[in-house]
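Visitor: Heads up: the sequence lines are chains R and W, in that order. Under UniProt numbering, the residues of the first sequence are numbered 1 to 361, in order. Under UniProt numbering, the residues of the second sequence are numbered 1 to 361, in order.
Check each hint, because a few of them may be wrong.
As the list claims (entries may be wrong) - Residues from chain R that face chain W, not an exhaustive set, calculated with beta carbons under 10 Å:
| no. | residue |
| --- | --- |
| 1 | LEU33 |
| 2 | ALA322 |
| 3 | ALA358 |
Said to hold, decoys possible - Only part of the chain R face toward chain W is listed, based on derived beta-carbon distances under 8 Å:
| no. | residue |
| --- | --- |
| 4 | LEU174 |
| 5 | GLY304 |
| 6 | VAL321 |
The hints are simulated quantities; they were obtained by calculation from the structure and are not laboratory data. Even for Gly, the Cβ is constructed at its ideal location relative to N, Cα and C.
Number of protein chains: 2
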Amino acid sequence: MTRYDLALIGFGGVNRALAELIAERGDTLEAELGFGLRVVAITDLRAGSLVCTDGGAIDLAPLLAVAPGELDFSGLAGGSPDPRNEWVIREAPADIVAEATFTNPADGEPALSHVRWAIEAGKHVCTTNKGPVALHGRALQELARRHGVCFEFEGTVMSGTPVLRTARRMFGGLAVHGFEGVMNGTSNYVLGRVESGLSFADAVAEAQALGYAEADPTADIEGHDVQLKVMILANEVLGADLRRADVPCTGLSALTADDVRRAAAEGLRWKLVGSAARRPDGTVEARVAPVALPAEHPLAGVCGPVNAVAFHTDLLGAVTVAGPGAGRVETAYALLSDVLAVHERTANLAGAELLQEAGRG
Amino acid sequence: MTRYDLALIGFGGVNRALAELIAERGDTLEAELGFGLRVVAITDLRAGSLVCTDGGAIDLAPLLAVAPGELDFSGLAGGSPDPRNEWVIREAPADIVAEATFTNPADGEPALSHVRWAIEAGKHVCTTNKGPVALHGRALQELARRHGVCFEFEGTVMSGTPVLRTARRMFGGLAVHGFEGVMNGTSNYVLGRVESGLSFADAVAEAQALGYAEADPTADIEGHDVQLKVMILANEVLGADLRRADVPCTGLSALTADDVRRAAAEGLRWKLVGSAARRPDGTVEARVAPVALPAEHPLAGVCGPVNAVAFHTDLLGAVTVAGPGAGRVETAYALLSDVLAVHERTANLAGAELLQEAGRG
Chain R
1 MTRYDLALIG FGGVNRALAE LIAERGDTLE AELGFGLRVV AITDLRAGSL
51 VCTDGGAIDL APLLAVAPGE LDFSGLAGGS PDPRNEWVIR EAPADIVAEA
101 TFTNPADGEP ALSHVRWAIE AGKHVCTTNK GPVALHGRAL QELARRHGVC
151 FEFEGTVMSG TPVLRTARRM FGGLAVHGFE GVMNGTSNYV LGRVESGLSF
201 ADAVAEAQAL GYAEADPTAD IEGHDVQLKV MILANEVLGA DLRRADVPCT
251 GLSALTADDV RRAAAEGLRW KLVGSAARRP DGTVEARVAP VALPAEHPLA
301 GVCGPVNAVA FHTDLLGAVT VAGPGAGRVE TAYALLSDVL AVHERTANLA
351 GAELLQEAGR G
Chain W
1 MTRYDLALIG FGGVNRALAE LIAERGDTLE AELGFGLRVV AITDLRAGSL
51 VCTDGGAIDL APLLAVAPGE LDFSGLAGGS PDPRNEWVIR EAPADIVAEA
101 TFTNPADGEP ALSHVRWAIE AGKHVCTTNK GPVALHGRAL QELARRHGVC
151 FEFEGTVMSG TPVLRTARRM FGGLAVHGFE GVMNGTSNYV LGRVESGLSF
201 ADAVAEAQAL GYAEADPTAD IEGHDVQLKV MILANEVLGA DLRRADVPCT
251 GLSALTADDV RRAAAEGLRW KLVGSAARRP DGTVEARVAP VALPAEHPLA
301 GVCGPVNAVA FHTDLLGAVT VAGPGAGRVE TAYALLSDVL AVHERTANLA
351 GAELLQEAGR G
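Bound conformation, chain R alone (with noise of 0.2 Å):
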């Protein structure tokens, strides 16, 4: 059986709620995906880094058991209260590193140093990131491809809706001329709270106190969320290099709770939609921005929470996938669904190189 060893890299609510679903239904995963999964190591900014490097794999559950804020690995064997990043990821014996650090949308560090040592240490990555993958993306798989690891970044937009995987497996043979997308799930809610009867600046404070939106709600508010997204979709699906310069940027700011209000009553609904489309000559143009939306556009009924992509193609017209744009269980499941993609694409490339040295590929 098939076994893959993973070091986790943060270990806040994603990765955390990955160690519980190998903790707790790893047999099940096992059984039904055809390989195993360990955790073989740990970093946190507050809890240190756990190692084993005895051949053995982390005992999760009494970690699980512990409550976030108050982990501390420094008093365990293979324990530290550095988090020594890089060290780990070159050195601990991990097959695959699950990063799941903060995003910085300035320069995605540190999770692009994060993702480079992986890759140059020949580790499979999967990362729910959007920062690496929004500004380096190209460069990274290019590296990833020099290095024969796999980068995987489902995670990144709509936690583990499979939007990007839908893109890259499912559309063999059409054209895909495009895509728009509701892709901000706190901006979402807050503009169908607006269209409920609240002020924004209520709807944004709701939002907060239930959890949905950051103490610093701008992010998500004003569309800079959304533009990395938009960013990490061009480039995958259209072939774009878009730098965040290209994407321009409009968030909620721009209406007043009025214009929501007046679309409403005439049968229009205001969503921010990330959009890219391909041009003529072949370049790629992209923006950011609140759109009325008539009622029988695909993305009219996206409601709250829930994140939907529709992307425009040849033969099939409009293609739609909706589910979860967030949630630390959905975005663990995309680093479980990256796993899943690192396993068939190692199995099919043996294979084929196995086909190829046998004449037959």
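The hints should help you fit chain W onto chain R, whose structure is shown.
Guide: Frame of chain R, contents of chain W only:
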């Protein structure tokens, strides 16, 4: 370069559109997908049969230049006025049989025999025909397994929209508890027009005038078409083995225009919903019935000819795929995606066999 030779069974709208795709963009597809496509046999109830037995392929352009109703193969080399389906399917030098004759919901014939003959002759089969898949899918899959060939049928549910393949390939590690779908464009169009103020009779007449509804709209309006799709999806996604009698079916005649408009005034939208769910004891219950959906339901915004299926999963909640529900080009793309699946499976199986021989699997 790999090449697949196709036999097209039924040369109505769908297989004709597939032939157009091959004739018009075969070279582009070959460059993108890594395999060539040729048509070596065609049969049709009215046109007869046409088979290349000299190692060549059928020149499609002249056939596609003739209006569908006027096509007659009898005067051509390799042609016959008789469809000779069994002989062509068994003996034509095809790798893949593309079955696109009419759906018979009673016993699935003659498509059922077409599919069986192909599998018995060691040929892969792709079909857009709901009859054999809904009524005998499990037996046919077992037969295909025994003969080492692929049996693909993406086009039986929502034409080329990748619904079956999403469930099969995108949900690894998830438990799917059930699904709900709006899977018939005609009934959905009619409901939308009744919401806008038409009577049911006028809405059906309009759908007929626009070519959305058949001369006899019963199968669409009364849910029998959706019933077959529910059986196909439930058998595929939930491992069920449902007969038609297991899927109670209520159609739109159970509704009055007043019901529809009263609900709309309350923010609810009636949809003809096909659904299935796993019961606590592991068995599956399924039904087709009109349901008044609240605005935030993932299917409430599915309008007109767009169809959608929402899959209910443990880790992601609802994941919805929406796209065209019908159309000749859209359904021909389903066949193309089936051929692509045959290609991928064949390549991976050949590799896996070699891996196993090499002791690395």
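Visitor: Against this structure, judge whether each hint is valid.
Guide: Each hint tested on the structure:
| no. | hint | verdict |
| --- | --- | --- |
| 1 | LEU33 | holds (6 Å) |
| 2 | ALA322 | holds (4 Å) |
| 3 | ALA358 | holds (6 Å) |
| 4 | LEU174 | holds (7 Å) |
| 5 | GLY304 | holds (7 Å) |
| 6 | VAL321 | holds (6 Å) |
Figure legend: structure checked against the earlier numbered hints; every hint is met.
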